[in-house]
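S.K.: Listed below are the residues making up each chain.
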Amino acid sequence: MSAVIDHGHTDHAHGPAKGLMRWVLTTNHKDIGTMYLWFSFAMFLLGGSMAMVIRAELFQPGLQIVQPEFFNQMTTMHGLIMVFGAVMPAFVGLANWMIPLMIGAPDMALPRMNNFSFWLLPAAFGMLVSTLFSEGGGPNFGWTFYAPLSTTYAPESVTFFIFAVHLMGISSIMGAINVVATILNLRAPGMTLMKMPLFVWTWLITAFLLIAVMPVLAGCVTMMLMDIHFGTSFFSAAGGGDPVLFQHVFWFFGHPEVYIMILPAFGAVSSIIPAFARKPLFGYTSMVYATASIAFLSFIVWAHHMFTVGIPLTGELFFMYATMLIAVPTGVKVFNWVSTMWQGSMTFEAPMLFAVAFVILFTIGGFSGLMLAIAPADFQYHDTYFVVAHFHYVLVPGAIFGIFASAYYWLPKWTGHMYDETLAKLHFWMSFIGMNLAFFPMHFVGLAGMPRRIPDYNLQFADFNMVSSVGAFTFGATQFLFLFIVIKCIRGGKPAPAKPWDGAEGLEWTVPSPAPYHTFSTPPDVK
Amino acid sequence: MAQGMSTRQLIQRLLLLVLVMFGFGFALVPIYEVMCQAFGINGKTAGAYQGEQTVDEARQVRVQFLATNAADMVWEFQPLADEVAVHPGAVSEMRFVAFNPTDKPMTAQAIPSVAPSKAAAFFHKTECFCFTQQVLQPGERIEMPVRFIVDRDLPADVRHLTLAYTLFDITARKPPVPVAGR
Chain A
110 MSAVIDHGHT DHAHGPAKGL MRWVLTTNHK DIGTMYLWFS FAMFLLGGSM AMVIRAELFQ
170 PGLQIVQPEF FNQMTTMHGL IMVFGAVMPA FVGLANWMIP LMIGAPDMAL PRMNNFSFWL
230 LPAAFGMLVS TLFSEGGGPN FGWTFYAPLS TTYAPESVTF FIFAVHLMGI SSIMGAINVV
290 ATILNLRAPG MTLMKMPLFV WTWLITAFLL IAVMPVLAGC VTMMLMDIHF GTSFFSAAGG
350 GDPVLFQHVF WFFGHPEVYI MILPAFGAVS SIIPAFARKP LFGYTSMVYA TASIAFLSFI
410 VWAHHMFTVG IPLTGELFFM YATMLIAVPT GVKVFNWVST MWQGSMTFEA PMLFAVAFVI
470 LFTIGGFSGL MLAIAPADFQ YHDTYFVVAH FHYVLVPGAI FGIFASAYYW LPKWTGHMYD
530 ETLAKLHFWM SFIGMNLAFF PMHFVGLAGM PRRIPDYNLQ FADFNMVSSV GAFTFGATQF
590 LFLFIVIKCI RGGKPAPAKP WDGAEGLEWT VPSPAPYHTF STPPDVK
Chain B
15 MAQGMSTRQL IQRLLLLVLV MFGFGFALVP IYEVMCQAFG INGKTAGAYQ GEQTVDEARQ
75 VRVQFLATNA ADMVWEFQPL ADEVAVHPGA VSEMRFVAFN PTDKPMTAQA IPSVAPSKAA
135 AFFHKTECFC FTQQVLQPGE RIEMPVRFIV DRDLPADVRH LTLAYTLFDI TARKPPVPVA
195 GR
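Line by line, the protein sequences give chains A and B.
Sequential numbering of the first sequence, starting at 110, is according to my numbering.
Sequential numbering of the second sequence, starting at 15, is according to my numbering.
For reference, chain B alone in the conformation it holds in the complex:
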């Protein structure tokens, strides 16, 4: 098959293949993101709510909240309530409290995850503290809202959802900028 190809041409093509595969390794990162979003796997929640905004009064779904600290995180972090009952299609809100007990300003990032994973694609956050990084001054306490809609198309056998947040300390990566008048 390659009988007509000189060794130089062959090497060039093989080296090109090496470069393409090196790039492919990195391309796996966005591919993975897209796959997780598209299939709602890995607890990645869906994007903006597209469906009709009518509320399905007949159906009720329990949404449970979990707040976890990553291994080296020292903040106090918890939801105001452990769970709420919501109707699909209705906008609901829950507040999470974070408190920085240390004597230095810190930056944190919350990462959400929804279980069961097949329900993740039917869970829409319209506002979330996880969209931004949180900076807390020493001893500061804030309430952080998350507003969400459970899709009317949520599979019928799902009666119970869990929204879990893990809070990471990213102070080293994003040093908190001192904010005047705060």
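One chain only, chain A, in its complex shape:
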């Protein structure tokens, strides 16, 4: 096995096709990864602009800018687009780009299916967003689309919403199958499971979560479709069904879904922190087992979203304790990251800044999650801005900071240029300040009783809401800076060496920057 690593010669023979059809027909994991990432960023801006509408309306008490009906569509579409259009495709894009490079595979295992899973997404979101312009408006029932709001009382466009969810579900399932097949079957010789980078591990587990719960979501919206059009009554009490059943089915999907949105970020941060602390990751094995434990626990805690629907006391106790148990493997991960940094020679380039902020702020979001897990206390917090503060703290500085950290960390590998470090640091600090200004006061107004998803509020909440809105506008505007930094990095900049970060480890740094169109056509030898 010594006659390997000679993959320079054939690379130039099969370059990308020219023109638009390169992107339509491509089966190259790097092209598809790039398209996923750009699509996700476009959706991030679209969903973000809806958040700007929400925050503009909530800048002052009273109704100033939009009607309540439109406000409801904004909250719903903001949630749906950010969850299914921004965060999930971003991680699939990172998986497409990095997993083959990290495990020494020439491409994903199923390249044609890979192309199809991407191109389903523009169709799904084109349809979803078009409902906003339809008569009666788009989905207005919240991103959790509880029945009967989303069945009996839904606008006509709900059918398009259901079809869009089906399409994005098929896309996610195919993407997940592809990831599992790639990781299990295409690893380079010597790359045993316990040698894989943690990003690969967390994605393997995420892919199994996707395969397990996206079909349940598909079943859930199929039941809605049948209730609306075919006269069944799964969720209609009049016909012997039960609206509470909807919440059980939805959250059986919904809770693993929140881990689908965070586990790949755990993996990315577990690569980035060791690189900039210049120490190997502390507790690799425990990280793998902690991720698997979180994934397992995510299946048995769903009813903590439903404490107030009237589940029996035994049920509340079970779901309360099971939920609190998740703090144990999550704590293992946080302590491992901190221990990795401990006594390391740390430098704070943009990826590390985002990664450190991720650890701190995600932990804050985790703590408010523990508060929400306390069943008796949850009766006060339920459906208030405290919940909004909680899940934005785990999703914005969690998932999204994880994506920013990954983007800066791997941009030199993708583009062959170093990004502008000064602007990237500015992007970090503006995002950090804006995001905390936007979401921290929501804890206070939530505890004081401000309900979520309402376009107006009591005068006593006015000042905190104004602060929130200013923070949200800051955070939103800052993302155009990110767009500028990325475009600038693609167009030029200091040439990046194969391994631009001296502490970084992994096979992806053994190929030149920018990564050639075809890599690892001959598998590398992993010692």
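Read the hints as simulated data drawn from the structure, not as lab findings.
Note that the structure is a prediction, hence the values are computed from the model and not measured.
Among the clues, some could well be false.
[Said to hold, decoys possible] Result set (SDA-like, lysine to any residue): computed pairs, CA atoms no more than 25 angstroms apart in a straight line: (1) B:K132 / A:W538; (2) B:K188 / A:L422; (3) B:K132 / A:A346; (4) B:K188 / A:S342; (5) B:K132 / A:R221; (6) B:K139 / A:G419; (7) B:K139 / A:K603; (8) B:K188 / A:M335; (9) A:K597 / A:W538; (10) B:K132 / A:T417; (11) B:K132 / A:M335; (12) B:K118 / A:A346; (13) A:K304 / B:S20; (14) B:K132 / A:I409; (15) B:K139 / A:W538; (16) B:K118 / B:K139; (17) B:K139 / A:S342; (18) B:K188 / A:H338; (19) B:K132 / A:G419; (20) B:K139 / A:P421; (21) B:K188 / A:L426; (22) B:K132 / A:L426; (23) B:K132 / A:F427; (24) B:K139 / A:A346; (25) B:K188 / A:A346; (26) A:K304 / B:L24.
[Claimed, not checked] Quick look at which bits of chain B chain A covers, simulated, 3 or more residues with Cβ under 8 angstroms: (27) 21-30; (28) 181-189.
[Stated by the list, open to error] Here are the computed distance ranges between Cβ atoms for each label pair: (29) A:D565 / B:P130: 30 to 40 angstroms; (30) B:R155 / A:L422: 34 to 44 angstroms; (31) A:L134 / B:L30: 23 to 33 angstroms; (32) A:R561 / B:P169: 35 to 45 angstroms; (33) B:E157 / A:T268: 34 to 44 angstroms; (34) B:P44 / A:E530: 40 to 50 angstroms.
In this text, a Cβ means the ideal position worked out from N, Cα and C, and glycines have one as well.
Let chain A serve as the given structure and place chain B on it in line with the hints.
M.R.: Chain B alone, transformed into the frame defined by chain A:
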């Protein structure tokens, strides 16, 4: 672990898993029903009365009746009395009155619920208008009976039960069949 498995085999198994989980989503419907029945949660009442038919004269339980219309229902719907006092083990009856004030025949379905939920498993309906759909002609009024037994095993701290009905308009789904001579 899957080292020996070809990609084709792996994909087939993963697709099978997808199908199983899609089925599981639907299987949650009967599972939910069974769980609610078994644990008497969600106000689902118990099945037929199995215990001995002796009446516990020493104990008295108040049973309160509620009649509610679903959002789009226009019938008048109420119990003849707001509450009765019953002895556990005894068969009791209450009548509910429904009136269709519209000028067209309508079909309705009543859905019962018992509170507190821990008492639901100890509440047995032997006859109930909620077992069938009700069809009322324009201007028609009927009295609908419910016969029930409160279990002798009802937890001692429950002294007060509420039987609530919600009446739904299901005319669109089950058009009333014209009945001759009615």
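S.K.: When the structure is checked against the list of hints, which entries are broken? Sort them ascending.
M.R.: 1, 2, 5, 7, 11, 15, 16, 21 and 34
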